[in-house]
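Novice: In case you want the letters, here they are:
2 protein chains.
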Amino acid sequence: MRSIICELLNIKYPIVQGGMIWCSGWELAAAVSNAGGLGVIGSGSMYPDILRSEIQKCKAATDKPFAVNVPLLYPDLEAHIAIIIEEKVPIVITSAGNPATYTARFKEAGLTVIHVVANVKFAQKAESAGVDAIVAEGFEAGGHNGREETTTLCLIPLIKQHVQIPIIAAGGIGSGAAMAAVLCLGADGVQMGSRFAATHESSAHLNFKEEIVRAGDGETALTLKEITPVRLLKNAFYQQVQLAYENGADKNQLTALLGRGRAKKGMFEGDLIEGELEIGQVSAQINGIMRARDVVEETMAECLMVLQKTNRAYNFD
Amino acid sequence: MRSIICELLNIKYPIVQGGMIWCSGWELAAAVSNAGGLGVIGSGSMYPDILRSEIQKCKAATDKPFAVNVPLLYPDLEAHIAIIIEEKVPIVITSAGNPATYTARFKEAGLTVIHVVANVKFAQKAESAGVDAIVAEGFEAGGHNGREETTTLCLIPLIKQHVQIPIIAAGGIGSGAAMAAVLCLGADGVQMGSRFAATHESSAHLNFKEEIVRAGDGETALTLKEITPVRLLKNAFYQQVQLAYENGADKNQLTALLGRGRAKKGMFEGDLIEGELEIGQVSAQINGIMRARDVVEETMAECLMVLQKTNRAYNFD
Chain H
1 MRSIICELLN IKYPIVQGGM IWCSGWELAA AVSNAGGLGV IGSGSMYPDI LRSEIQKCKA
61 ATDKPFAVNV PLLYPDLEAH IAIIIEEKVP IVITSAGNPA TYTARFKEAG LTVIHVVANV
121 KFAQKAESAG VDAIVAEGFE AGGHNGREET TTLCLIPLIK QHVQIPIIAA GGIGSGAAMA
181 AVLCLGADGV QMGSRFAATH ESSAHLNFKE EIVRAGDGET ALTLKEITPV RLLKNAFYQQ
241 VQLAYENGAD KNQLTALLGR GRAKKGMFEG DLIEGELEIG QVSAQINGIM RARDVVEETM
301 AECLMVLQKT NRAYNFD
Chain W
1 MRSIICELLN IKYPIVQGGM IWCSGWELAA AVSNAGGLGV IGSGSMYPDI LRSEIQKCKA
61 ATDKPFAVNV PLLYPDLEAH IAIIIEEKVP IVITSAGNPA TYTARFKEAG LTVIHVVANV
121 KFAQKAESAG VDAIVAEGFE AGGHNGREET TTLCLIPLIK QHVQIPIIAA GGIGSGAAMA
181 AVLCLGADGV QMGSRFAATH ESSAHLNFKE EIVRAGDGET ALTLKEITPV RLLKNAFYQQ
241 VQLAYENGAD KNQLTALLGR GRAKKGMFEG DLIEGELEIG QVSAQINGIM RARDVVEETM
301 AECLMVLQKT NRAYNFD
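Chains H and W, in that order, give the protein sequences.
With this note's numbering applied, the first sequence covers 1 to 317.
With this note's numbering applied, the second sequence covers 1 to 317.
Next up, chain H with everything else stripped away, as it sits in the complex:
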């Protein structure tokens, strides 16, 4: 595996597990890292003491590199940053904020820094801020999402035209075939969220995992664009949001309807009616709950097979 991402992150396969609220604690992160990918603890749903405990458990469960995902708009941000540095986490993936403010601080502490972007402008800002790589995430991704609505197929070549640092493609990748596709687009690796949300090691509620497996074509939507665009399953809560739109709800009314704790209620507590179920379009392709290690190995093997097969079909060497 000659990917520049493997060298940068000191991992075997260029497969990063997306840091997801309520799904990616130490157990998933350690399983992915032990399988040769990069496991990521999603700190966005954790209080500082929980984050420290998750990092310590992850270190005990793997001797491989892992990362923590840090949304830069998180209220306890300073406490999180201090813990990540104190606990000597090797890699941080920042998102949802300005990389200029924190990249230098992480780099001084010796961390490798990756920043998540959804457009060319922020990719260039991240490169200027000195990050080591970017995750470029398309419209089809689950959870919070960019306002440009650029899809992964369009985003990767476009960003490739404008930045020099390595690119990890995210959004719509749930199979080795999709991994092969984005490598052809010029990505140096992939990030998969939804696929890992539905693994045994994911801390999501079993109800949510089973709902991901059940979901079919067209069953997610990007909504609540007035607050922060988020892709979720079209469950009963989503229908309430649609009804609010039809009744002309403004941003304040939508914020009140969303309330607090809906993502936890849906994804962690398994309330499929009232909860917010953040997941990507690729959920329609996920047909079973698997072990994280098997996801990594199956994805990698299928990717290599697809590249070989497609090249053989169209080239004659």
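The set of hints was computed from the structure by calculation and includes no laboratory data.
Keep in mind it's a predicted model, so treat the numbers as computed, not measured.
Check before you lean on any hint, since a few could be wrong.
Repeated chains share a single entry, so a pair holds when one copy, or any two copies, can fit it.
As the list claims (entries may be wrong) - 27 Å max Cα-Cα, derived DSSO-like pairs, lysine-lysine:
{"no.": "1", "residue 1": "121", "residue 2": "234"}
{"no.": "2", "residue 1": "57", "residue 2": "264"}
{"no.": "3", "residue 1": "125", "residue 2": "234"}
{"no.": "4", "residue 1": "160", "residue 2": "234"}
{"no.": "5", "residue 1": "309", "residue 2": "12"}
{"no.": "6", "residue 1": "59", "residue 2": "264"}
{"no.": "7", "residue 1": "59", "residue 2": "225"}
{"no.": "8", "residue 1": "57", "residue 2": "160"}
{"no.": "9", "residue 1": "309", "residue 2": "264"}
{"no.": "10", "residue 1": "12", "residue 2": "234"}
{"no.": "11", "residue 1": "264", "residue 2": "121"}
{"no.": "12", "residue 1": "225", "residue 2": "57"}
{"no.": "13", "residue 1": "57", "residue 2": "12"}
{"no.": "14", "residue 1": "107", "residue 2": "88"}
{"no.": "15", "residue 1": "309", "residue 2": "59"}
{"no.": "16", "residue 1": "264", "residue 2": "234"}
{"no.": "17", "residue 1": "88", "residue 2": "251"}
{"no.": "18", "residue 1": "107", "residue 2": "264"}
Assemble chain W onto chain H, guided by the hints.
Specialist: What follows is chain W alone, placed relative to chain H:
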């Protein structure tokens, strides 16, 4: 080139030019067919006598197969169908309607029939109706678009799981790298619209072609979803639509604002202010007006090079 699409359509390269209103007359179709792809006359903007004349000119300009695109909701549909059959057009690409109604009629007349879909349900309906292949078109595509908003990266593998007939991928494909990507996803060929809209042989107004070249990241949007979802450039007309939404416009008000002839005004007459400028997200990657033949050859060469290079980087055979 061992693609099943090449065998089915009797063409050299599995590259289909999208049938686009106001952009794809006989000149573009003949140029693409002469270059080894499949040229397509877009009949959606033509009166019957114009369509007949365009078909006759195309036949005079190429001895290679070409197709006519027929939106099945077109008011002059019966006249169009009669002309296509009388003129012995070899291939028809139907869209925006029910393939069950017309496929048998075209097949009886000896035509090869391709139907455009944006979800699994219609792909299965098209297969049941007896079409020879489908075009599966993702959210990033220009012009009229599906309601599920499934992106090409997610749509192709999903449709591949559910139908047996050949799949031509569309939406977001403007380069050989993107072609390589969708072949890895399991597509048997590609359809490109935006890229051909910006060729010399396209019948679009030069103002529109130059605007496609100028457009950057995030400069298209899918809008007017209450009428028919359409992806267009965010020009002054689009801003009027946005303002109408902010003022709570209903479907009737939006239909009145759209009025008649806006696409012609923008795309054919070059009015970049008041016109409707239908184009895909991939416009952000289009950096020059080229000859159609060069687009076909460059795309094909880049596709083969990318498949070979990516396979070599990740496999060691």
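Novice: Each hint should be assessed against the structure and marked as holding or not.
Specialist: Now the hints, each set against the structure:
{"no.": "1", "hint": "121 <-> 234", "verdict": "between (31 Å within a copy, 18 Å between copies)"}
{"no.": "2", "hint": "57 <-> 264", "verdict": "within (22 Å within a copy, 63 Å between copies)"}
{"no.": "3", "hint": "125 <-> 234", "verdict": "between (34 Å within a copy, 24 Å between copies)"}
{"no.": "4", "hint": "160 <-> 234", "verdict": "between (33 Å within a copy, 24 Å between copies)"}
{"no.": "5", "hint": "309 <-> 12", "verdict": "both (23 Å within a copy, 20 Å between copies)"}
{"no.": "6", "hint": "59 <-> 264", "verdict": "within (25 Å within a copy, 62 Å between copies)"}
{"no.": "7", "hint": "59 <-> 225", "verdict": "neither (37 Å within a copy, 49 Å between copies)"}
{"no.": "8", "hint": "57 <-> 160", "verdict": "neither (37 Å within a copy, 41 Å between copies)"}
{"no.": "9", "hint": "309 <-> 264", "verdict": "neither (42 Å within a copy, 44 Å between copies)"}
{"no.": "10", "hint": "12 <-> 234", "verdict": "neither (37 Å within a copy, 43 Å between copies)"}
{"no.": "11", "hint": "264 <-> 121", "verdict": "neither (32 Å within a copy, 33 Å between copies)"}
{"no.": "12", "hint": "225 <-> 57", "verdict": "neither (36 Å within a copy, 48 Å between copies)"}
{"no.": "13", "hint": "57 <-> 12", "verdict": "within (22 Å within a copy, 58 Å between copies)"}
{"no.": "14", "hint": "107 <-> 88", "verdict": "within (12 Å within a copy, 67 Å between copies)"}
{"no.": "15", "hint": "309 <-> 59", "verdict": "neither (39 Å within a copy, 37 Å between copies)"}
{"no.": "16", "hint": "264 <-> 234", "verdict": "within (17 Å within a copy, 37 Å between copies)"}
{"no.": "17", "hint": "88 <-> 251", "verdict": "neither (40 Å within a copy, 56 Å between copies)"}
{"no.": "18", "hint": "107 <-> 264", "verdict": "neither (32 Å within a copy, 54 Å between copies)"}
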